[in-house]
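Undergrad: Each protein sequence line maps, in turn, to chains F and P.
Counting from 1, one number per residue, gives the positions in the first sequence under our numbering.
Counting from 1, one number per residue, gives the positions in the second sequence under our numbering.
No lab work stands behind these hints, which were simulated from the structure alone.
Ideal Cβ placement from N, Cα and C applies to all residues, glycine included.
Treat the hints with caution; some may be incorrect.
[What the hints assert, rightly or not] Some, not all, of what chain P presents toward chain F, calculated at C-beta under 7 Å:
id: 1; residue: Leu124
id: 2; residue: Ala125
id: 3; residue: Val133
id: 4; residue: His156
id: 5; residue: Gly159
id: 6; residue: Val205
[To be verified] Covered stretches of chain F (chain P as the covering partner; in silico rule of three or more C-beta atoms under 8 Å from a C-beta of chain P):
id: 7; region: 5-17
id: 8; region: 22-31
id: 9; region: 83-92
[Said to hold, decoys possible] Pairwise CB distance ranges, derived in the manner of DEER restraints:
id: 10; chain 1: P; residue 1: Gly272; chain 2: F; residue 2: Ala48; range: 31 to 39 Å
id: 11; chain 1: P; residue 1: Arg61; chain 2: F; residue 2: Ser61; range: 18 to 26 Å
id: 12; chain 1: P; residue 1: Ser245; chain 2: F; residue 2: Ala83; range: 25 to 33 Å
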Amino acid sequence: MFKWFGLVNYAPHTKVAEFARHLKDGRLVGTKCAECGATTFPPRADCAECMSPQFEFVDVSGKGTLHTFTTIVAAPTGFEHLAPYVLGLVDLDDGGRALAWIGPTVNAEDIEIGMELQVVPQMAEESEEIRVYYSLERPGTMWPRTQPPQ
Amino acid sequence: MTMTRVGIVGIGHTPFGRRSDATVQEIAFEAFRDALADAGIERDAVEASVIGSVPEYHKQRSMAGVIQEYLGLVPRPTWLTEVACASGSAAIRTAWLAIRGGVHDVVAVIGCQKMTELDTAEILALMGRVGEVQWESGFGTTFPGYYAMFARRHMHEYGTTREQMLDVAVKNHHYGALNPLAMFRKAITREKAAASEEVAPPFRVYDCCANADGAACVILASEATARAISERPVWLSGMGCATASMSVLRRPQLTGLPSAERAAAEAYAMAGITPRDVQVADVHDCFTIAEIMAYEDLGFCPRGEGGRFIEEHRSYIGGSVPVNVDGGLKAKGHPIGATGVSMTYEIVKQLRGDAGERQVPGASVGLTHNVGGIGQYCFVQVLTRE
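Bound-form chain P, shown alone:
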């Protein structure tokens, strides 16, 4: 028996930002309802849901069940996937596996997060445990601190500059301004970014993405059902997934993410394409250096040339691979469980030709790159249309 292809037949996405008006299940509902309407199917057609989210940000324990109830999908199955900031892509992967395996035919994937439920003290306490708690957290490590160490090493080995990093922020804010769902919708200058408050040198505030609330939903179906539902399904043609050592103490190279390199190779091979075939990409720019490392890990440019890639505007529309033209995590906001699904949403919009002012003309092959933690997890998807 050949395994079915899996198509995306419906997409939904809430605005990203602070949502003091809604619970996490209410936010999830908005994205789900929009995805059903987009697919043109009834709720009853959905056989199961997979929730991508990071539970420690919510007061509600075991949230998948609460969301399932609020969406009106009880008594169908649901479960939660958690791999830090890549939880959304992990949810898509498990739904894809369930359809490929013939267990379900139509599955809704909802990535959602309400990070502003926690107060500053709770966020700071949580921040103290982002690293490996046995050997690293006792020294007061932080998320920006880890990526700042990657950045310093990248600068040392390849001559990457502060200006090149800030150029990533400038690009992503430029495109964020064109995305009605983005948290920050204002273009910035390199000077403004360079003058922002210091966080963990070389990083300043504008090198870092922002905590946010939000949800995104994609509805997946087997090939036959996808063709019956949709006139223009987008296919999950390459699905890569890999890990790297969580601890920086046991990861030889810090100038790239070995998980991303491996996941990309797997996704390219499955889709039968090379990096040169990618026409639009959404990558995990949790910090400016992370996007530069992604250009290299994904093979958009040789190792060490990521800085030049942004400096020469090769990741702008009109360049060799437009990257994060939805604003990226940087300007769109990063509600961690929602982010992976939001990336897939954006690439589907691009491949359908529905991305409006930020449309990459004629795009038919797109890619998502969703990283968990400091690279201990990476998911890469190649998406195509016919």
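Looking at chain F on its own, in the form it has when it is part of the complex:
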């Protein structure tokens, strides 16, 4: 089901395909090596430290700090309708990094390196196929489908 990940997906087959199913359920996960315990985000099946192929998914908080960002004005195929969009790179509190769009809960003029952000699972509602991704939002932002009704 990794074909669900990203509005455009170029790599549907992977050993960590379950990541996309967890994301669809509103759960953000990294991987933990079953042998040496090294954790990583984004997930990888084969441990970068000890080379063990045994791993398990573990929940990550998604809390992080903005390392850098830009705005894509000239967009590639499949993203033209979204441009301009802001891409942010966050250093995660639990280790690792995430690259994603900075979402609507953050005011464009407030974006600055060092600000705290939250990686939030997202599902593209307007798509006929399942399309999941994550975005960078104001800390405390919940997975949209767990928010209490207004």
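Let chain F serve as the given structure and place chain P on it in line with the hints.
TA: Same frame as chain F, now just chain P:
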């Protein structure tokens, strides 16, 4: 057995720009023929060729064979090297290895690319896959976008300014105007660059190099053969090569390229020199910030002072290390597979004293710095003459 030194005995270079009049093998032929004439050798003296190019830009699949045939080098060996925008330097490195290993004595290296074979839609689709496709491309990353993120971080950590970045474009267009082979031969002002269209902030059009068509060729030979062929061979005295994580998710520092730092250290050590000994350099200025990062990665100035280095004109002729006096990727154009070979061509011209209006007076030690992708590959050469 001591391994031979490897000398450059012939060089050739087509104009860079849009070539709607020729196939990629026809463009490669021009550079090869010029290099043979420059070396003063017959085609039969060439034992093998190495082609540096990025195949996904061409309709022709497995292009090395087609080029080999068009150059008239069949049945000798040929092969293609591909490491994105550093493919040309990788081709030189493999030819150097083949000569050092005693397998071949004279090898032609041809870097070539015809990027305008693709239409805009194909370019945009290709652009969507420049990053790591599993975790990054699904968010619509682009090449300028990655370097723009490097630039923002460099500004944040070191106070590098937009003006300093635009000064790199101004310098490289200034020198591009002096290079008859350059794509853009017009000086620009900082104001003009600052007013150009936005691409990925902080970058505007004038922060970015341009896609181009073109080819360059260098002919390499073992020391004894080089001395027999040429009265003034230029030596590949230091050859460094390193990688860095492709994904920005797994690269701790984004204000420099760790691959470049490592490749430079290796090349300096092999050549027995320090950064202070470099008298002229061609570096990979695919974006303005990339040249500023290169000053630092190569040790031309301390980390974080690259902005000041250009602001004070220390990379102009007359400064401490003239950089990209052929116009760089920025003004010369960037036919990606050709670029690394074009850099070596320029440094050979400089060390021979043949660079005309853009000559760095008396240069005897030069350097090339050729980066693939967003720094996942880097090749550094130290070139010397006697």
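Undergrad: Hint check: is the beta carbon of Ala125/P less than 7 Å from a beta carbon of chain F?
TA: 4 Å, holds
Undergrad: For the region 5-17 of chain F, count the residues whose Cβ lies under 8 Å from any Cβ of chain P; is that count three or more?
TA: Coverage by chain P holds for the region 5-17 of chain F (8 residues, Cβ < 8 Å).
Undergrad: Could you check the hint for me, namely that Gly272/P and Ala48/F are 31 to 39 Å apart, CB to CB?
TA: 36 Å, holds
Undergrad: For the region 22-31 of chain F, count the residues whose Cβ lies under 8 Å from any Cβ of chain P; is that count three or more?
TA: violated (count 0)
Undergrad: With 18 to 26 Å as the target window, see if Arg61/P and Ser61/F comply at their CB atoms.
TA: Violated, at about 47 Å.
Undergrad: Grab the minimum C-beta distance from Gly159/P to chain F and call the hint holds if it beats 7 Å, violated otherwise.
TA: Result: violated, 13 Å to nearest chain F Cβ.
Undergrad: Using Cβ atoms only, decide whether Leu124/P comes closer than 7 Å to chain F, and label the hint accordingly.
TA: At 5 Å from the nearest chain F Cβ, Leu124/P passes the 7 Å test, so the hint holds.
Undergrad: Counting residues of the region 83-92 of chain F whose CB is closer than 8 Å to a CB in chain P, do you get three or more?
TA: holds (count 4)
Undergrad: Restraint: Val205/P near chain F, CB-CB cut 7 Å. Satisfied or not?
TA: It is violated, given that the least Cβ distance between Val205/P and chain F is near 9 Å, above 7 Å.
Undergrad: Was the hint right that Val133/P lines chain F, CB cutoff 7 Å?
TA: This interface hint holds because 4 Å falls under the 7 Å limit.
Undergrad: Looking only at beta-carbon atoms, does the pair Ser245/P, Ala83/F fall within the given range of 25 to 33 Å?
TA: Holds, since Ser245/P and Ala83/F (Cβ atoms, about 27 Å apart) stay within the stated range.
Undergrad: So, as I understand it, the hint says His156/P touches chain F; can you test that by seeing if any CB pair is closer than 7 Å?
TA: 5 Å, holds
In this structure, the earlier hints numbered 5, 6, 8 and 11 are contradicted, and the remaining ones agree with it.
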